[in-house]
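Visitor: Chain by chain, the residues run as shown.
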Amino acid sequence: VSGWLLWVMLGCSSGGQEAFEAGIQATRGGEQRGAVEHFVQALEDGGRHPATYHGLGNALYRSGHIGESIAAWRRGMSLAPRNGDIAANLERAQRQCLDSIEPPQTHRPAFFWQSALSARESGLLSSAALAAGLVIAVVARIRRTRSGRKQPRRAAGWTAVMIALGALLGASTWDVLQQRNGAVVVVSQVAVRSTLGPEGVDLFVLHEGAQVGTSDQAQRHTLIALSDGRKGWVSSSALISTDPSRKFPLDSLPGR
Amino acid sequence: VILLFLMSLLAHAASLSVEIDQRELVVGQTVPLKIKVIDGSPRGVPEVPVGSGLLLRFQGQSQQHVVSNFQSRRIVQYTYELSATRPGSWFVGPLDILVDGQRLGAAPITIRVGEAPADQGGLPVMGTLTDTAPFLGQVVVFRLQFKRNRPVVGVEWTPPTFDGFVAEKVAEQAQREYSIVENNQNFTVQTIEVPLVAAAVGPNTVPPAVISARYRAQRRRRNARRNTLDDIFGGSSLMGSRAERKTHTTSPIPLNIRPLPQAGRPADFGGLVGRFTLQMKPSARKLKLGESLTLTIVLKGDGTLHGFRLPTVPSDAGFRVYDDAPEITAEVKDRIFLSQAVVKRAVVPEEVGTLTIPGIEIPIFDPETEQYTTVRTESLSIVVEPGEEGAGDVSSFLGEDGDARRAVESLGEDILPVSVPDRLQDSTLMGSLPIIGALPALPLLVWLALVVNGWLDSRKIDPLLVQRRRMMSLPKDPVRRLAILEDVFREVAGLRLGVPAPSLDADAVSSLGEDAQRIYRALERARYGGSSGGLDALAAQVSRFLEGK
Numbered sequence: 006v007s008g009w010l011l012w013v014m015l016g017c018s019s020g021g022q023e024a025f026e027a028g029i030q031a032t033r034g035g036e037q038r039g040a041v042e043h044f045v046q047a048l049e050d051g052g053r054h055p056a057t058y059h060g061l062g063n064a065l066y067r068s069g070h071i072g073e074s075i076a077a078w079r080r081g082m083s084l085a086p087r088n089g090d091i092a093a094n095l096e097r098a099q100r101q102c103l104d105s106i107e108p109p110q111t112h113r114p115a116f117f118w119q120s121a122l123s124a125r126e127s128g129l130l131s132s133a134a135l136a137a138g139l140v141i142a143v144v145a146r147i148r149r150t151r152s153g154r155k156q157p158r159r160a161a162g163w164t165a166v167m168i169a170l171g172a173l174l175g176a177s178t179w180d181v182l183q184q185r186n187g188a189v190v191v192v193s194q195v196a197v198r199s200t201l202g203p204e205g206v207d208l209f210v211l212h213e214g215a216q217v218g219t220s221d222q223a224q225r226h227t228l229i230a231l232s233d234g235r236k237g238w239v240s241s242s243a244l245i246s247t248d249p250s251r252k253f254p255l256d257s258l259p260g261r
Numbered sequence: 010v011i012l013l014f015l016m017s018l019l020a021h022a023a024s025l026s027v028e029i030d031q032r033e034l035v036v037g038q039t040v041p042l043k044i045k046v047i048d049g050s051p052r053g054v055p056e057v058p059v060g061s062g063l064l065l066r067f068q069g070q071s072q073q074h075v076v077s078n079f080q081s082r083r084i085v086q087y088t089y090e091l092s093a094t095r096p097g098s099w100f101v102g103p104l105d106i107l108v109d110g111q112r113l114g115a116a117p118i119t120i121r122v123g124e125a126p127a128d129q130g131g132l133p134v135m136g137t138l139t140d141t142a143p144f145l146g147q148v149v150v151f152r153l154q155f156k157r158n159r160p161v162v163g164v165e166w167t168p169p170t171f172d173g174f175v176a177e178k179v180a181e182q183a184q185r186e187y188s189i190v191e192n193n194q195n196f197t198v199q200t201i202e203v204p205l206v207a208a209a210v211g212p213n214t215v216p217p218a219v220i221s222a223r224y225r226a227q228r229r230r231r232n233a234r235r236n237t238l239d240d241i242f243g244g245s246s247l248m249g250s251r252a253e254r255k256t257h258t259t260s261p262i263p264l265n266i267r268p269l270p271q272a273g274r275p276a277d278f279g280g281l282v283g284r285f286t287l288q289m290k291p292s293a294r295k296l297k298l299g300e301s302l303t304l305t306i307v308l309k310g311d312g313t314l315h316g317f318r319l320p321t322v323p324s325d326a327g328f329r330v331y332d333d334a335p336e337i338t339a340e341v342k343d344r345i346f347l348s349q350a351v352v353k354r355a356v357v358p359e360e361v362g363t364l365t366i367p368g369i370e371i372p373i374f375d376p377e378t379e380q381y382t383t384v385r386t387e388s389l390s391i392v393v394e395p396g397e398e399g400a401g402d403v404s405s406f407l408g409e410d411g412d413a414r415r416a417v418e419s420l421g422e423d424i425l426p427v428s429v430p431d432r433l434q435d436s437t438l439m440g441s442l443p444i445i446g447a448l449p450a451l452p453l454l455v456w457l458a459l460v461v462n463g464w465l466d467s468r469k470i471d472p473l474l475v476q477r478r479r480m481m482s483l484p485k486d487p488v489r490r491l492a493i494l495e496d497v498f499r500e501v502a503g504l505r506l507g508v509p510a511p512s513l514d515a516d517a518v519s520s521l522g523e524d525a526q527r528i529y530r531a532l533e534r535a536r537y538g539g540s541s542g543g544l545d546a547l548a549a550q551v552s553r554f555l556e557g558k
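Heads up: the protein sequence lines correspond to chains P and R, in order. Using the numbering used here, you'd call the opening residue of the first sequence number 6 and step up by one each time. Using the numbering used here, you'd call the opening residue of the second sequence number 10 and step up by one each time.
No lab work stands behind these hints, which were simulated from the structure alone. Just to be clear, a hint being listed does not mean it is correct.
[As the list claims (entries may be wrong)] Sample of chain P residues at the chain R side, in silico, Cβ under 8 Å:
| no. | residue |
| --- | --- |
| 1 | ILE29 |
| 2 | ARG87 |
| 3 | SER132 |
[To be verified] Residues from chain P that face chain R, not an exhaustive set, calculated with beta carbons under 8 Å:
| no. | residue |
| --- | --- |
| 4 | PRO86 |
| 5 | ASP90 |
| 6 | ALA93 |
| 7 | VAL143 |
| 8 | GLN222 |
Even glycine gets a Cβ: it sits at the ideal position worked out from N, Cα and C.
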């Protein structure tokens with residue numbers, strides 16, 4: 006048990022506290038560019054917390070980088086779907102975008118609870134449900150060994166229910182991870198082409214802040230899909246992923 | 010007689026009244042008009058002036074005494090026939106007659122005369138549309154006219170489907186019934202008028218409307234008593250009279266709804282189609298700063314006003330306005346649709362001085378001239394005087410104990426700041442993977458251990474079972490047979506006492522009971538006595554001991 010606890014504590018250790026606090030101080034001092042650097046450092050140090058993405062989005066927004074700020078807040082929302090402050094900022098930034106398109110889905114409608122739960126939360130709930138089911142099974146087994154009688158039906162039923170619940174939550178968590186293919190356009194405008202190479206034609210133009218889904222990746226290009234079904238290729242450098250576990254690129258920011 | 014004489018002494022002064030059953034007629038319609046002189050004796054037949062669109066003919070005179078509340082009254086009634094000859098609004102009266110040396114008068118009565126029923130060319134029913142080439146949004150009236158000179162006991166109508174039109178939301182369909190005289194023959198005319206709004210551009214057709222009428226059956230008067238009863242009950246089925254059912258249909262009406270022209274269309278055109286007038290009237294011309302005045306704005310016309318809203322006032326107009334919801338009314342009468350919207354607008358001046366409220370302008374489309382035009386009101390000048398101290402500011406009429414707070418005014422909008430957490434941690438799924446995996450791992454390991462332990466337990470051999478097998482295959486040789494019996498007894502006793510079999514002695518066996526002691530002693534004797542016949546009985550005793558019997 007001690008080894009188990011040690012493993013859990015070591016595994017859940019986090020970092021980035023200092024860089025995060027430096028980012029907050031820089032924001033309060035009006036040093037938005039410095040704040041961006043600190044928040045990105047906090048992310049790289051392991052501080053992938055909604056507050057880090059919130060602060061990063063705020064600093065980017067105040068620096069005039071609407072697309073990057075939307076990407077940062079989207080990442081924050083996927084870590085904390087019930088955070089109203091990030092949602093309000095995101096809504097405000099989206100109103101300033103030129104393209105009126107719906108952001109891609111973050112989960113399937115069947116897993117409706119994922120609109121209020123992050124992948125981490127549903128994963129923890131899944132784990133807790135499985136653990137509860139197993140604890141019930143262990144207790145029933147010990148009683149059976151001591152009494153010599155068969156395992157009662159009620160215990161078997163509860164075990165089955167908890168394990169089924171854990172499996173369902175686990176499936177929805179897995180689905181959320183699979184749906185993390187969103188991206189945000191971070192250049193002022195970009196032409197979306199029908200195919201890579203000179204044979205392709207320009208299909209439509211997206212502007213900064215447009216939220217799209219990605220469905221394929223080439224060496225330097227990404228196949229994107231709009232919520233209305235249109236698809237096309239764009240340069241990968243024009244996009245930032247909304248997956249919070251990925252590195253937040255700052256190459257697109259001027260001066261870097 | 011004496012009583013009547015006494016009552017006549019109590020009679021009141023003479024009075025005059027004019028009675029007309031209907032005040033809305035159509036050309037050709039005739040209604041009775043009665044002039045009653047109460048408690049007076051006029052000289053001759055009163056002369057009644059009427060407008061040029063009306064014709065009045067004297068029919069006769071009657072007189073009656075009425076006793077009411079112990080008062081006797083003498084009523085002289087003059088009956089006339091009032092006929093409508095021209096459409097318009099006409100007066101009947103005023104009356105000014107001399108009664109017993111006293112002049113009695115009656116105010117004029119307005120009679121509205123509508124168009125004569127359309128010529129049906131001998132057909133019993135006819136459907137008409139006021140305009141068969143209306144513009145989109147224009148109101149037209151569908152009229153179904155049913156004319157008959159036979160009495161009916163019931164009429165039902167099935168309206169046509171008005172493709173290309175929608176029903177006018179405010180006005181309801183109007184039904185009317187009146188009598189007219191044509192060629193010295195009395196006719197009853199029933200009309201149903203439905204207001205419609207043109208909604209779909211293009212050619213269309215109003216299909217036939219259907220009227221189903223049950224006429225009273227014409228038959229010869231053979232039974233005077235029966236016919237009298239028929240007259241009393243109006244030929245109803247109550248008395249078993251017969252009715253003849255006939256169905257009449259109108260002709261289809263082809264039409265073409267025209268689109269509104271694009272040329273000259275004002276940018277702020279709101280869709281009003283028709284002829285309209287606009288009026289604006291203030292409740293005051295002078296007020297103090299902090300007070301408000303009410304503008305009553307009336308828009309009238311022959312187009313639909315459903316959903317009408319006044320144009321908004323710019324924020325820098327020098328005054329604020331608060332509009333009530335428009336009160337919209339509409340009616341259809343004699344193929345004319347009339348609608349009216351009344352809006353009460355509260356005006357709150359913001360500065361002292363002469364306030365000019367600009368006129369209201371509403372662009373409309375006039376179907377008659379087929380052009381866009383604007384109806385407008387004159388601008389108004391209002392004198393705004395200085396108010397009391399603090400006038401113009403928001404003031405509270407509550408006492409000192411009341412809640413004097415007001416809502417916090419927003420001056421701007423911005424993004425929301427970060428809520429700093431106490432401890433930053435990786436909130437991704439990967440960051441929590443150790444605990445997610447470890448949480449069920451511990452009970453899983455315990456459960457697996459229990460399962461393995463149970464499996465191992467299930468593989469252990471039962472020592473009693475081994476002894477039973479040995480007892481079942483005892484050898485015939487007495488020495489070996491005795492040795493096995495002794496060994497089985499010692500093993501079973503050792504298992505029961507929890508001690509190794511070789512360490513058993515008589516004292517230890519005595520704790521297992523008398524039977525065990527007896528077997529122990531019997532085995533000792535057999536070992537030293539060597540009796541084969543006693544071995545079978547001993548084997549039976551050991552078997553019983555083995556089974557715990």
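Visitor: Could you tell me which of the numbered hints above are not met by this structure, giving the numbers in increasing order?
Guide: The structure breaks hints 2, 4 and 8; every other hint is satisfied.
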